[in-house]
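In the numbering used here, each residue's number is its place in the sequence shown (first place is 1) plus 21.
Don't read these hints as lab results, they were simulated from the structure. Don't take every hint at face value.
Unchecked claim - Below are the DSSO-like pairs computed for lysine-lysine, each with C-alpha atoms no more than 27 Å apart in a straight line:
#1 67 - 247
#2 313 - 247
#3 313 - 245
Predicted model only: the values in this text are computed from it and were never measured.
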Amino acid sequence: MESNPIDRRKFLARAAVTGAAIPVAAMASGTANATDFNNAAADNGKFPFPADNDLRVLLTGDAGTGTPAQWAVADAIRELHTREALSMALGLGDNIYELGPNGVNDGQFAAKFEDPNHGLDFPWAMALGNHDNSAVFPGDGGWLLRGDDEVAYHSRSRRWWMPSRYYSVRVPEENPVVEFFVLDLNPLAASLPPLFVQYWAVDGQYMNEQRAWLDAAIDASPAKWKIACAHHPYLSNGSHGDAGEYDGMPIEPMNGVHAKRFFEEHVVGRCQLILSGHDHSMQVLEPTIESKGTRQIVSGATAKNSHGKTGPRADDRRTLFQNFTDVGFMVMDLNADEVRLRTYTVDIATGASTLAFDRRLV
Numbered sequence: 022m023e024s025n026p027i028d029r030r031k032f033l034a035r036a037a038v039t040g041a042a043i044p045v046a047a048m049a050s051g052t053a054n055a056t057d058f059n060n061a062a063a064d065n066g067k068f069p070f071p072a073d074n075d076l077r078v079l080l081t082g083d084a085g086t087g088t089p090a091q092w093a094v095a096d097a098i099r100e101l102h103t104r105e106a107l108s109m110a111l112g113l114g115d116n117i118y119e120l121g122p123n124g125v126n127d128g129q130f131a132a133k134f135e136d137p138n139h140g141l142d143f144p145w146a147m148a149l150g151n152h153d154n155s156a157v158f159p160g161d162g163g164w165l166l167r168g169d170d171e172v173a174y175h176s177r178s179r180r181w182w183m184p185s186r187y188y189s190v191r192v193p194e195e196n197p198v199v200e201f202f203v204l205d206l207n208p209l210a211a212s213l214p215p216l217f218v219q220y221w222a223v224d225g226q227y228m229n230e231q232r233a234w235l236d237a238a239i240d241a242s243p244a245k246w247k248i249a250c251a252h253h254p255y256l257s258n259g260s261h262g263d264a265g266e267y268d269g270m271p272i273e274p275m276n277g278v279h280a281k282r283f284f285e286e287h288v289v290g291r292c293q294l295i296l297s298g299h300d301h302s303m304q305v306l307e308p309t310i311e312s313k314g315t316r317q318i319v320s321g322a323t324a325k326n327s328h329g330k331t332g333p334r335a336d337d338r339r340t341l342f343q344n345f346t347d348v349g350f351m352v353m354d355l356n357a358d359e360v361r362l363r364t365y366t367v368d369i370a371t372g373a374s375t376l377a378f379d380r381r382l383v
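Let's have the full structure, built from the sequences with the hints guiding it.
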C-alpha cells in the first residue's frame, strides 16, 4: 500500500488515460522451479528452516519503513520470542519503503530490515510488494527489475530468504507439515503496468512460467498445509479492496482483475490459506463461495495502519477479526493436526502488545 500524498485514484486514472508505463528491459529473473530451497539454508551462514513438525510462524507485512512504528512492533515481537520461540517469519511484501532498494548494497536493507529485526535470528521468507518495484511514484510497481535487488540480497543476509522472485519452502524439509508458495503478482496489478515489455505481460513469459510452476508445485507437494503468500490479496475489507476491484478502479490491469484470475485459476480451492499484506490492517476473513474453502488472511500493519479507512466490503463480509486502526503482527502456530492464529496489536508509544485474537482456523 502506498503512503504517497498524491491522490492514488487520480494518479491511476491519469496513468491509464495516458498509457503511462515504464518500458523496462526484459531480463530473466531467476524464476524458481520445484527445487526445495531448504537445502541451501546452510549456505552463507543462513539461519536454517526448522526441522520440527510444531511450528510457530511470524506473519509481517508492509514493514520496511525504519520508523518508530516498525521498531515498536519489532520490540514486541522480540519480547514474545523470548517467551515463545518463533520458528521462522513470512514478510508479505513492501519490504523497502517507499521506492524499493537502489542496488544490493543499499543501506536501506540494514535500516529497514536488519536493524529493526535484530535478535530475531531465524529465516524470513520474503515476498515482493508494489513498493519494492517502484519506478516513478512510491508503490507504482512500474520498475519490476528493482525487485531483483531484493533477490540478490538473499546472498548477503542470514535472515533474508528470497532465492527468486517466486519460490516455495517446505517445512520441515523431510515429511513437511506445510509448504509456503511465495508468489509475485506485481506484473498483474502494477499502477504503471509494463505495457510495452512482453516478458512481464499478463500472459507473457514471466507470468506463464510462474503459473506452470505453481500448478506443478502444488500438485507435487506432500505437505498437509498448503499456504499461498502474495503481497496483493485476493480478498480484503481494507481500502485497497478485493482483486478485480483494487482502489475502486474500473480500469484493468490496475484494478487487479488479472490477479483475481490468477488466484481463481491457480490458488483457491488448492491452498487452505492465502496470506497477504498491501492493506495496512489485520484481517481474518471467512471463506467465501468464490474462494472454494480457501481463507484469506491480511497482515499488513507491521509499520503502518489504515487510520480506520475500510473498503466497500467491510460491513457485509463475514470476518473472524479485523482491525484498521492499530499496528501489529500475527503468529501462526501449526502442526500436522491444526493451524492456530493469534493477532497482536502494539502501542507505538509504549511498545506494549495486546493479544487481540486467538483461534484455531483449521
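Evaluated hints:
no.	hint	result
1	67 - 247	24 Å, holds
2	313 - 247	14 Å, holds
3	313 - 245	17 Å, holds
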